[in-house]
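Each protein sequence line maps, in turn, to chains S and E. Counting the first sequence from 1 gives a position; this note's numbering is that position plus 2. Counting the second sequence from 1 gives a position; this note's numbering is that position plus 2.
One should not assume that every hint holds.
Derived pair list, reagent style BS3-like, types lysine-lysine, alpha-carbon separation capped at 30 Å [unchecked claim]:
no., chain 1, residue 1, chain 2, residue 2
1, S, Lys62, E, Lys52
2, S, Lys52, E, Lys62
3, S, Lys155, E, Lys112
4, E, Lys62, S, Lys112
5, E, Lys52, S, Lys52
6, S, Lys52, E, Lys112
7, S, Lys60, E, Lys123
8, S, Lys112, E, Lys29
9, E, Lys155, S, Lys60
10, S, Lys60, E, Lys52
11, E, Lys52, E, Lys123
12, E, Lys155, S, Lys52
13, S, Lys62, E, Lys62
14, E, Lys60, S, Lys60
15, S, Lys155, E, Lys60
16, E, Lys155, S, Lys62
Note that these hints are calculated values from the structure, not bench results. Only a predicted model underlies this, so the values are computations on that prediction, with no experimental measurement involved.
There are 2 protein chains.
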Amino acid sequence: MARLDFWYEFASTYSYLSAMRIGAIAKHENVRLRWRPFLLGPFFRAQGWKSSPFREQKEKGAYMIRDMERLAAERGLEFTMPENFPQNGLNAARLALISSDEGWAEDFTKAVYLAEYANGKDIAAESVLANCIETVGRDAGDYLARIATQDIKDRLREQTEEAMTLGIFGAPTFIAPDGEMFWGDDRLEQAIGWASRA
Amino acid sequence: MARLDFWYEFASTYSYLSAMRIGAIAKHENVRLRWRPFLLGPFFRAQGWKSSPFREQKEKGAYMIRDMERLAAERGLEFTMPENFPQNGLNAARLALISSDEGWAEDFTKAVYLAEYANGKDIAAESVLANCIETVGRDAGDYLARIATQDIKDRLREQTEEAMTLGIFGAPTFIAPDGEMFWGDDRLEQAIGWASRA
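For reference, chain S alone in the conformation it holds in the complex (with noise of 0.2 Å):
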């Protein structure tokens, strides 16, 4: 069965999107989904730069909104911008490594962005991880715990390691077992095209 390796990072606007819609499109075409949270933090740091590029940039930034908006009205989303922007998504791209492990990435990581995008949530907020952990119909409190170990920590610290070391310099970024990079949700039919008939 084709693959396909997709990278996000809850920070990232347009990773919300392709979220939203991977999933259906990749079982579509039969292309199984490997999803892969990871940090741009480092990336950025490495870059010089003290936050996201939306932050860096005004310009950009500000067009950034707008077009997440029309967008976003296309596909029949919400999109709400969060006070707080970029947000911490440390422990929610823990516990979607965790889901990602246990085959339960999807439906997890859509509640965060869904948390996030549409309704403006703080994804920090320990309550706020705990109701999408619950929406999934999994125990909070067991993977709240599981969070705060070690092994988990270490895991996602590697995980954004390997994304800086396959060149990964955004999100959302799709790359297939061949190598071949997708990088931003307009890549997103390309990259499942190309799985398929890799």
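Dock chain E against the given chain S, drawing on the hints supplied.
Positioned in the frame of chain S, the structure of chain E alone reads:
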């Protein structure tokens, strides 16, 4: 008749993709285009960058080349990354400004982009620009003399300042008469659609 401003920069690879197709799409949708060459250098310098983001961020630069190769192949276009990138498009932009006044911007702009990205020529070279002018049936000596005038130099500077005032931060950028802005070749159809409904 619906209208749309097409802002482009000769150092921009994605502007090449748009320049090669926007004329036909706009005509089909009854949208009148204004071809608006400008320079991104002043914007990049204002960000504290020494060069194009594709130079400043090497991973992004490497990806852009691969992305361009794939998109060009899909569209039946040649793409060769010039040895010298980004090129100095100052005189090409001054000529494009005149061509826009006189109604031959589409043909001239395409000729310059093809020289640069299909044939890998240096568009800062007077001989290359002369060839582009002659390709569209004009007298090269005449127009090369005109871009040495202060009037044309001032007008390109003013047009570039206008781009910054409008919040343009990259190329290609499409702006509808109501101010709605679309950035990137990926938004070309959306921009034309917006303009035609306005």
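Evaluated hints:
1. S/Lys62 x E/Lys52: 18 Å, holds
2. S/Lys52 x E/Lys62: 18 Å, holds
3. S/Lys155 x E/Lys112: Judged against 30 Å, a Cα distance of about 52 Å means the pair is violated.
4. E/Lys62 x S/Lys112: Holds. E/Lys62 to S/Lys112 sits at ~27 Å (cutoff 30 Å).
5. E/Lys52 x S/Lys52: Satisfied, since the Cα-Cα distance of roughly 18 Å is no more than 30 Å.
6. S/Lys52 x E/Lys112: 39 Å, violated
7. S/Lys60 x E/Lys123: Violated - the C-alpha atoms of E/Lys123 and S/Lys60 are around 34 Å apart, more than 30 Å.
8. S/Lys112 x E/Lys29: 41 Å, violated
9. E/Lys155 x S/Lys60: Holds: E/Lys155 and S/Lys60 sit about 28 Å apart, inside 30 Å.
10. S/Lys60 x E/Lys52: Answer holds: S/Lys60 to E/Lys52 is near 18 Å, not above 30 Å.
11. E/Lys52 x E/Lys123: 23 Å, holds
12. E/Lys155 x S/Lys52: Not OK: E/Lys155 and S/Lys52 at ~37 Å, beyond 30 Å, violated.
13. S/Lys62 x E/Lys62: Between S/Lys62 and E/Lys62 the Cα gap is close to 17 Å, so the pair holds against 30 Å.
14. E/Lys60 x S/Lys60: Holds - the C-alpha atoms of S/Lys60 and E/Lys60 are around 22 Å apart, at most 30 Å.
15. S/Lys155 x E/Lys60: 28 Å, holds
16. E/Lys155 x S/Lys62: 28 Å, holds
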